[in-house]
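Given chain A, put chain B in place with the hints provided.
In order, the protein sequence lines correspond to chains A and B. No gaps in the numbering here: position 225 of the first sequence is 225 in the working numbering, and each next residue is one more. No gaps in the numbering here: position 67 of the second sequence is 67 in the working numbering, and each next residue is one more.
Think of the hints as simulated: they come from the structure by calculation, not from any bench. Do not rely on the hints blindly, as some may be mistaken.
[Claimed, not checked] Some but not every residue of chain B turned toward chain A, in silico, with C-beta under 8 Å:
id : residue
1  : 8
2  : 16
3  : 20
4  : 51
5  : 84
6  : 94
7  : 150
8  : 191
[What the hints assert, rightly or not] To spell it out: a stretch of chain A is covered by chain B in this simulated footprint if at least three of its residues, at any positions, have a beta carbon under 8 Å from a beta carbon of chain B; those stretches are:
id : stretch
9  : 1-10
10 : 88-100
11 : 104-114
12 : 219-229
13 : 269-278
14 : 335-341
Quick reminder that beta carbons are idealized off the backbone N, C-alpha and C, glycines included.
Number of protein chains: 2
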Amino acid sequence: MDTIILTKDDIAEIVNRVGLHQLMDDIINKLRKTFRNFDDELTQVRARDGFSYLTPYPGVLEWMPVMQVDDFAVIKVVSYNPGNPLLYQVPTIISTLSLYNIRTGHLMALTDGTFATALRTGAASAIASEVLANPASEVVGLVGCGAQAVTQLHALSRLFDIKRVLAYDTDKTVLASFSERCRFLDLDIQIVPREELEAEADIICTATSVGLDAGPVIDAVNLKSWVHINAVGSDLPRKIELPLELLKESLVCPDYRAQAVIEGECQQLEPGEIGPELIQLVKNAPEYKAYQMSRTVFDSTGFALEDKAAMQVLLSLAKEVGVGRTLPVESIALDPMDPYSFAREHVGSELTRTATAV
Amino acid sequence: MDTIILTKDDIAEIVNRVGLHQLMDDIINKLRKTFRNFDDELTQVRARDGFSYLTPYPGVLEWMPVMQVDDFAVIKVVSYNPGNPLLYQVPTIISTLSLYNIRTGHLMALTDGTFATALRTGAASAIASEVLANPASEVVGLVGCGAQAVTQLHALSRLFDIKRVLAYDTDKTVLASFSERCRFLDLDIQIVPREELEAEADIICTATSVGLDAGPVIDAVNLKSWVHINAVGSDLPRKIELPLELLKESLVCPDYRAQAVIEGECQQLEPGEIGPELIQLVKNAPEYKAYQMSRTVFDSTGFALEDKAAMQVLLSLAKEVGVGRTLPVESIALDPMDPYSFAREHVGSELTRTATAV
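Chain A with its partners taken away, still in its complex shape (with noise of 0.2 Å):
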């Protein structure tokens, strides 16, 4: 019973070998087929759960559990500290993804989340974007530049014909790296006042670290009438990122409704206020139509039924590209009836001797 383990390495491997705009296709292309095949008597997604704390910076470890019935479960354990960047020199969100037989508990697979995580994110957006926002947005506005921008922009490109994106942040070192960033992208980006990017933008991703209750961070008074927004950034209660007027006045898909409502921008919301969840959306997406010429807000907050997408994803692609090792990791014996036997199996007799010599 081994584990498959993918490190850092392997996942760079697979980079290089597939390319990054083939490995953003691939993972939107799982998704939205995992969301057009979603049946919930076959899948059991739970919302995240975690330990969380205030200091020195407000954070979070969740865990983030799903399941196919009869087959497997993903749980993707994943942190949220925004001091990390400037306290340890590492990204604010870090995360794994471990695959779990579900017939016998067998630990499969053991992978990076950190970068899946980044991937799907963007995904889910660019999606969610596809079935409500004008088909022929080309204006980009990111409030926000910092890692999930990249991947937010890189999905949308895959999918708009995108002309010029408008950045914004209120952190300038951010806001000056993130060209440079973005250059395997080879768009067309301009650091412009907020006022500018709200007024200009066919679709707005607001993917930012605002404080608890110091949003929101867009005015939203001079938005295109058809302006699609991927609101990415609120993921803890009392971290909001649009006024509540915008919400009230758009069609708002939250992901996971039942997360969305506890820590999205569907908790400013009444329950008779809030839309669709992702999934039907992608499921009915003619329907949706009529809303691609107003305004409309996908509500992300991220959840484990895009994890387990992205990591299927990874591990297909590990095999094709042949990377990743295999170890041993539960002490699993020959004899299930006997805890110590696989210490016995390995070392031989000797060992009961030298137990019972102590």
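Below, chain B without anything else, positioned relative to chain A:
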């Protein structure tokens, strides 16, 4: 940011070098210390949660998280599939343990949890028995002689001077191999009718795979007046091992009350009928000396604090013995603002060209 991974072979090497008895003593001592020093301001323990299913056998895949505030978290993932030995020749319980730095979210270590679970479950019963059982206990009765019975007996043998072991199991094959599996303990093990076991034992451990609504597994009509029972097997709603009348006349102490009322023997009791938790027993052991000559029950459901202690012992011994490997599992980039930079660092500037060429 590397992750320490202990494989099955690493754990076997620890057992080989340290010896089973020293290992069990280390776990007992660490667990006793963990309970004694427990401060709920510093440690957050979550009751286990998970996916459950009923076909082809009742089974669960559960996560059990515990956090040391400002320090680290341990998440055990554990499955309970009674069909495993027969269907897949693997143990009923399969598990892994993950250690996270709570500041950054980094996965610091991954180890087996199967062996650790068996060890700490034995250790917890031994510690409860140390407080509640007659200190002169010489006869141990085991109802259910599977994997857990081995570690129950092993742990008890480290704290009590056991003269006779009485073994009972409804499965004759399991029963027949029990003496051989416990040979390293050099104890007088006798296979007896259950009635004899109940009448003779000073300490009884029930560790069965009894079905839902199929318990209890003992009659309890002719027990010693000072018997102490470690009820280890109940770990699902509607799975119980002890008769209600026995519970009502005994001091019943759960390991973790919030969990025991859902899936332990305590699910049979009213709140007022439940005694102190194991942590309280250990913190105030002298207060409970009076119960050593009357009937007591330790309702063991297994909780995350025990797993944390077991993992700490394994990691510390791994360091001492010099086993384990480190792998960079998380795709953490030098530039925390660029989710793709880890791949660029790896493959150099070629990547950008490859990606844009797709």
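So, residue 51 (chain B) near chain A? Judge it on the closest CB pair being under 8 Å. 4 Å, holds
Does the closest beta carbon of chain A sit nearer than 8 Å to the beta carbon of residue 94 (chain B)? Hint on residue 94 (chain B): holds, closest Cβ of chain A at ~4 Å, below 8 Å.
The stretch 104-114 of chain A covered by chain B? Criterion: 3 or more residues, Cβ-Cβ distance below 8 Å. holds (count 9)
If you look at each residue in the stretch 1-10 of chain A, do at least three have a Cβ nearer than 8 Å to any Cβ of chain B? holds (count 6)
Go through the hint on residue 84 (chain B) and say holds or violated, using the shortest Cβ distance to chain A against 8 Å. 6 Å, holds
Given a cut of 8 Å on the nearest C-beta pair, is the interface hint for residue 8 (chain B) held or broken against chain A? 4 Å, holds
How about residue 191 (chain B): closest beta carbon in chain A under 8 Å, or not? Where the cut-off is 8 Å and the nearest Cβ of chain A is about 15 Å from residue 191 (chain B), the hint is violated.
So, residue 16 (chain B) near chain A? Judge it on the closest CB pair being under 8 Å. Since chain A brings a Cβ to about 4 Å from residue 16 (chain B), closer than 8 Å, the hint holds.
Given coverage of the stretch 88-100 of chain A by chain B, tested with a Cβ cutoff of 8 Å and a minimum of 3 residues: It holds, with 11 qualifying residues against the three required.
Check whether three or more residues of the stretch 335-341 of chain A sit with their beta carbon closer than 8 Å to a beta carbon of chain B. holds (count 7)
Given residue 150 (chain B) as an interface hint, is its Cβ closer than 8 Å to any Cβ of chain A? 6 Å, holds
Would you check whether residue 20 (chain B) satisfies its interface hint, that is, whether its CB is within less than 8 Å of any CB in chain A? Given a least distance of 4 Å, the restraint on residue 20 (chain B) holds.
In this structure, the earlier hints numbered 8, 12, 13 are contradicted, and the remaining ones agree with it.
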